[in-house]
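Engineer: Take a look at the letters that make up each chain.
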Amino acid sequence: MLMIVVALMLTLAWGVAWIVPLTGELRHGRFAIVLGYGCFAGLIGVPVLMRLLNLGGVPLRFEWITVTAIATAVLGVALGRRLSVSGHPRPPLTPPSTRDSRWYQLAYLMLLALILTRVSLLCVEVAWRPLFPFDATMHWATKSRVWFDHLAITPFVENATWLEAAGSGVYTDHHPDYPITTPLLQVWINAALGNWNDSAMNLPWVLCFVALGAAFYGQARAAGCSSMLAMVFTYFLLSMPLLNTHVGLAGYADLFLGTSYCLALMAFHNWSVTRQRSQAILALVFALACLLIKNEGFFWLLTLLPALLVVVMPAKRSVVSLLLLAVVAGLTLAWFPRNVVVAGHSLDELSIYFRSSTVSPTFDSFFIYGSWHLFAPLLVALIAATVFVRRSCFYPYRGVTTALATAFVLFLFLFWFTTYSYGAIHLTAISRISLQLVPAATFFSLLLARALLADDQEQA
Amino acid sequence: MLRTALICLAIAIALLLSGYAILGQKSAGEPATTAKTWTNRDMDVLVGLPVNARGVAAVRLDQSGRGVVEVATRNIALADLPYLQLRFRGRPDVLAMIVGWRTEASGRTIRNHRVGLSPGRELWLDMGDVRHWQGQATSLAVVFLGPPGGRVDLETISLRPRTIASSLRVQLDDWLTFVPWRQSSINAYIGVTAPGKTAYPVVVLTLLFIIASMVYLTSTRLGRGRSGIRWSVVGVIFTLCWIAVDGLWQYRLTQQVTLTAETFAGKNREEKLLATNDDYLFRFAQDVRQAIHTKDARIFINTTDDYLGMRSAYYLYPMNVFWERHARALPASKFFQRGDYIVLLNPALASLNSETGELTYGTGQILKVRAISSTNVGALLEVI
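One line per chain: the protein sequences are H and U, in this order.
Residues in the first sequence are numbered from 1 upward in steps of one, following the numbering used here.
Residues in the second sequence are numbered from 1001 upward in steps of one, following the numbering used here.
Treat the hints with care, as some may be off.
Far from chain H, by Cβ distances over 10 angstroms, these chain U residues were calculated [to be verified]: (1) L1002; (2) S1064; (3) A1079; (4) Q1085; (5) R1087; (6) R1111; (7) K1197; (8) S1219; (9) A1265; (10) A1329; (11) L1352.
Rough simulated footprint, nothing fancy, chain H against chain U, three-plus residues with beta-carbon under 8 angstroms [to be verified]: (12) 1202 to 1212; (13) 1280 to 1286.
Bear in mind the hints are in silico, worked out from the structure with no lab data behind them.
For each residue, glycine too, the CB sits at the ideal point set by N, CA and C.
Construct the entire structure; sequences and hints are all you get.
Structural biologist: And the structure:
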């Protein structure tokens, strides 16, 4: 038990050591941002260290990983002291002064208590339940099991390659080409324990959940939200059933990808408003981290490109650029070699045409079923209120709006126009892939709610 | 702000219930039939061991994990009594149930409907759309399926007509019925146990939010004009609706964690896996590991059941395992070497001739093998 705590704390401390120097210029929400981004940085960083150790032929033992982590954490602190990230051309957003009535404080504490209860329950579930979900035992933890035993990242190859190689020096499973961050996290925890424990090895999923909540709250405060509004939306996010299920039935990488994309997009938005260098660095680091988690991370990373265009360019030029980008994307789709694999997929395999039978299940997965509680109606209501009631546009949020709109188009393309429509019709994939985008979309809805409530304060 | 929100929500709930009552009365048609209830005195234990207990029909499930309780029925038109209510003393040790019934028209043929739920202290089932739930019932039985020796204390069996109150009760019972996590849980959370038969909590709470918001916006606009509208009140209404729908999820999660604790707490890895539904598979994999002494042996798994193949492969790692999803046959014989092992899990599309030691599979593929072990789960073979 102690060793698990040591491993988890070291993961957190490593990340915090690298994040703290980046956040010196942040005024609001800094503690939560450091905690959330630091925690997640550790969850990404420790597997990177393990890969580097493996490249150097060093066995993946707990002692070696620990020494390397401590050394690089100290390096991070030292570098941070030398290269301070500061200076912000625009004034930071100031959250409104909060009412400190007793009811207000009680409501705040109640929401916090609900969140902490949720975290505790999920922690207990993960600590006791042996590895359960289908894909987790099919192609994620298979690697962890072999690498923990070998103390090295032994290659995994396709079935055909394994047969040709007579299995010599290679292993195989159903998806040998998947990114290896989450399996390495499981190896890390088992290395700390000294034996294979497919319950405790999933505790990083709880850490990821906590990181997401802390980072979300911190960035909400940095975006100028009151502590109450930030807490309400953090509660909304952390109470979503499918997000909770991916913690409780740990072993899939979707939660990690959703967290990484959300962290990147939140930092991107706050950079677009304040031009704080620290937010730019956070956005870049966690956008790139998406590539280390799942193949879909490549496509979510791409959504930041049009977002960047609309943020840095004047309005008219950015519209023209977006149109050009859409044309380029369309031409690429038309002329790209059909058998070339990009991020795990080829055009041949996708079999592109519109499948009308997927529209209704898509609607059901957001508006009828309970995976996201009332999030979809909330988002629609906020968009409608912004457009029709406030008669405002999304210009202040053009970056995050563009990124999410692009992501939504890609999402619909995947499920309405490709063979992955099966995952929508039979509900086997559409909600899981939504998990990769919903946290970021929750931040977007928070921004819209903040603007709407700002009208109240002006009236007051 | 909170008071205003609560008032609007209360009005919305009243409007929603009134609308439901009006719609319910229009569709109900004829006045409802009286409910029929059977107590323990009316129940016969047909299968399982009856246990002496006051006020309940208590039964221990037999060695095959079955228990059956029957009641005699007279002059009961099933179509008029679509709701089946079971009340237990304590939580029954049951994983699933089958409702069985005979009618005058069916004669000796037993109609049945499987209910894949583990009930709480009370269970409401809407049998209205179930096939053959019509005609004059002559007998009604409930089959309980669970662990051998599991106990069921049944207080009452009731058949109830479709009324507003009973409809709401069925609705609420469905929302509160606990279903443990399954493989499909990682893909989506539906929110109800009977999709298509009961209203979804998200839909109901969304409707509630819309009505409550309309009440607030309309009353404020009429009273103070547009400038009097405070969006924070709408926000509070929404938050309360969210907390309500989250309350249902929190309730399920608490039950799930309780079940997980009861099943796994204090156990080591092996004991945990033996406490799951994979216990037989894990045991088989352990036996395979012990039978294979070669360190870098290659192990080929074949079965037509993807779940069994995938799971057994996982239990056999870190051995060098080959399993191909959706593949119905082993790879071509040219890929095999002496000293390779083959695990055939039932059902598998391969046949072994024990006299000649030949394993035949696919399109005319033949391997010379030695059988090492064989159980009803599968067989372990060595290529020679």
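Engineer: If a hint holds in the structure, say so; if it doesn't, say that too.
Structural biologist: Do the hints match the structure? See the list:
{"no.": "1", "hint": "L1002", "result": "violated, 7 angstroms"}
{"no.": "2", "hint": "S1064", "result": "holds, 27 angstroms"}
{"no.": "3", "hint": "A1079", "result": "holds, 29 angstroms"}
{"no.": "4", "hint": "Q1085", "result": "holds, 25 angstroms"}
{"no.": "5", "hint": "R1087", "result": "holds, 27 angstroms"}
{"no.": "6", "hint": "R1111", "result": "holds, 30 angstroms"}
{"no.": "7", "hint": "K1197", "result": "holds, 14 angstroms"}
{"no.": "8", "hint": "S1219", "result": "holds, 17 angstroms"}
{"no.": "9", "hint": "A1265", "result": "violated, 6 angstroms"}
{"no.": "10", "hint": "A1329", "result": "holds, 13 angstroms"}
{"no.": "11", "hint": "L1352", "result": "holds, 22 angstroms"}
{"no.": "12", "hint": "1202 to 1212", "result": "holds (count 5)"}
{"no.": "13", "hint": "1280 to 1286", "result": "violated (count 0)"}
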